[in-house]
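Following the hints, complete the assembly by docking chains B and C onto the known chain A.
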Amino acid sequence: MTTSGSPPTGRGRQAFAEIMTFPAAADATPAAEHLLDFVFADVWQRPELTRRDRRFITLPCVADADADEPLRDHVYAALNSGDVSITEMRETVLHFAVYGGWPKASRFNMVVDQEWERIHQQRGTPMPAPEPLLPLTTPSDPEERLTVGERSFRDINCLPFAPARDDPFQGAGILNFVFGEMWMRPGLGMRERRLITVACVAFQDAPYPILSHVYAALKSRDVSFGEMDELILHFAAHYGWPKASHLDRVAAEQKQRVSAEWAAEATAAS
Amino acid sequence: MTTSGSPPTGRGRQAFAEIMTFPAAADATPAAEHLLDFVFADVWQRPELTRRDRRFITLPCVADADADEPLRDHVYAALNSGDVSITEMRETVLHFAVYGGWPKASRFNMVVDQEWERIHQQRGTPMPAPEPLLPLTTPSDPEERLTVGERSFRDINCLPFAPARDDPFQGAGILNFVFGEMWMRPGLGMRERRLITVACVAFQDAPYPILSHVYAALKSRDVSFGEMDELILHFAAHYGWPKASHLDRVAAEQKQRVSAEWAAEATAAS
Amino acid sequence: MTTSGSPPTGRGRQAFAEIMTFPAAADATPAAEHLLDFVFADVWQRPELTRRDRRFITLPCVADADADEPLRDHVYAALNSGDVSITEMRETVLHFAVYGGWPKASRFNMVVDQEWERIHQQRGTPMPAPEPLLPLTTPSDPEERLTVGERSFRDINCLPFAPARDDPFQGAGILNFVFGEMWMRPGLGMRERRLITVACVAFQDAPYPILSHVYAALKSRDVSFGEMDELILHFAAHYGWPKASHLDRVAAEQKQRVSAEWAAEATAAS
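Line by line, the protein sequences give chains A, B and C. Residues 1 to 270 (full-length UniProt numbering) make up the first sequence, in order. Residues 1 to 270 (full-length UniProt numbering) make up the second sequence, in order. Residues 1 to 270 (full-length UniProt numbering) make up the third sequence, in order.
The shape of chain A in the complex, shown without the other chains (with noise of 0.2 Å):
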């Protein structure tokens, strides 16, 4: 790390310029050029999380802090970069709109909407058409759709139990949306869904839905330790030190628990 007050290098805007799929504003303070630097030519280049992972936690630490130019700069690069295709990220902004709430996700979907359209017009490409909602691929049977969602609730949690369907929460909501329906849905995989899900419960920073969705995507292996620890920098560059220390705190924990659980599971197996 540069020493404090040092002359930027440069390496910051080249990476921006890759990264973002267009170049860094020219005006930059030496502050902004230090964070440049530290952004995008340090945590992004870091090895233990793809370019492409980088996007599914950055694009909900963007649409969270609704600063309106970072969220229409990452979608947009994500779009242009072909790292994530617009079906996924359309599917990212209905994940988004779960953990992070509707009204902020009503805007990222328009700038969605607005990015899309852009590269379009940019490309001189026309817009392709939207694929259709229906058929759903989950059951729309109240009582099959509850049992899709315990069962799914299960899985994705890694737990051996579900929540209690009288409870409008718990049942018209968790069961019925969440899982019977929202985290079915095709169009994007599950360890994407597992890094936006992360950030998202990592800024919203309520105590139980952390400890269990860093324990579920680490129990699930879809997301290893070290893609874990990068996740925590990650996150911390685009949502700040302190949230990012205490999910780290969290993520200390349920290594430490995940660890015991395979280690008694190989004793139980052998």
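One thing to keep in mind: the hints can contain errors.
It does not matter which identical chain is used: a pair holds within one copy or between any two.
[As the list claims (entries may be wrong)] As a list, the in silico DMTMM-like pairs of lysine to aspartate or glutamate whose alpha-carbon atoms are at most 20 Å apart:
id: 1; residue 1: K255; residue 2: E18
id: 2; residue 1: K219; residue 2: E69
id: 3; residue 1: K255; residue 2: D167
id: 4; residue 1: K255; residue 2: E33
id: 5; residue 1: K255; residue 2: D166
id: 6; residue 1: K219; residue 2: E150
id: 7; residue 1: K219; residue 2: E261
id: 8; residue 1: K255; residue 2: D83
id: 9; residue 1: K255; residue 2: E227
id: 10; residue 1: K219; residue 2: D53
id: 11; residue 1: K219; residue 2: E253
id: 12; residue 1: K219; residue 2: D155
id: 13; residue 1: K255; residue 2: D222
id: 14; residue 1: K219; residue 2: E48
Keep in mind that the hints were calculated from the coordinates and are not lab data.
Just chains B and C, lined up with the frame of chain A:
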């Protein structure tokens, strides 16, 4: 609850138009359409809370999210529908300022001014004169204000004690202004203040304020147990599931606490 | 800046121990070590802002993040280092309450009480008595309070006008309390209030308050242009790059505006 998986009935758009008093954007993506069905055709239609009640939960959520369009749209809809009077809306902004922060409230207040004017322009009716601020209904003498603040703190929080005066946050802030003046203002009912406050403490999610305001809303009987459950589902749909999940756990604990206290009081009374 | 993956230098841990007044956790991951180097050995060491200045930017960031440990650690460090007096800390909580919301401030205040007591226990010194709230230094008569509020609103915001009284948010809130009382309280300097306020409007990121408080901090000369750049870098490290990036854009605009106004004033004066 009807199935979000049913064929494209446009239920979401129909419900949106009724609640928002204007049609949904024509070009919603499948993912957004899907969410439209869940939020407007499912959640908002549930009988346990009125549409008016839901306005007082939604407004703080969109004011905190500060995604411009949803805030603008929900302020317009609440006023244009007649569900919320301009006096109630302006008190909602002040109440939100205290629990959600003044910068976001400043934006909320500007949006209220703009949408209120837009409604009068659309209707071709003159803007009514604002209600005069003075005289305040609370005492001016600092000693008396603190005494009122201590009493209203105890009454509103359903607690036998008030905090120490000689602490700037507790004395100059909580007793002198928040409970000595703000909560005492006419123009917004206690039930409505409860709904706004619970939504705000849920997104701010500092541990003690969530606990104390959920407890007080239930203990005061301003919000029933079933209404609290419904508030949580509504909050989840508008602010995201992680914080709602935490609120749900806190509410479950506080329902037990309140039930036990009521049972003890009934015994003592008999 | 070290190339990614290079071994931690230990500079971060040394800097952490100096700033925080206690050692960093021994079991940090490589990603966390990397962040320690950037935040504590790099950002906190930069000369443009003092360590004391940085406390007043960090405290609102960790109080808003409401990750328990960082809040607790930074409150302890600010008091234990002697950089921030208990009187200044308590005024910081009240100021934060207004700009960041009372629920988070309530937690902040509890942490201040606990850490202040812990410091006295560690030192074996008795807890000093709190300073009495009364008498307030601001007038009690509502009319006079509004007059004081209008004047201080104009002075502090460097604006020629004050908002209308007959609006609950502007009148009962902004004029009567925020500028009629809170900003007028002794015990915290104007420069410190500027640092806290800019950090709060940056994370709340409602458009007009960011603009107006960044403008006023610069125009008043309480915060220099270079200090504002440094504030933004410090904020980025503690609250994340996206909101810092937005703040950086706003600051660039406001520097131009202020420079143009100073030039015009110089011309008019000559």
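Quiz prompt | Numbered hints the structure breaks, given as an ascending list | solution = Structure breaks hints 1, 2 and 8.
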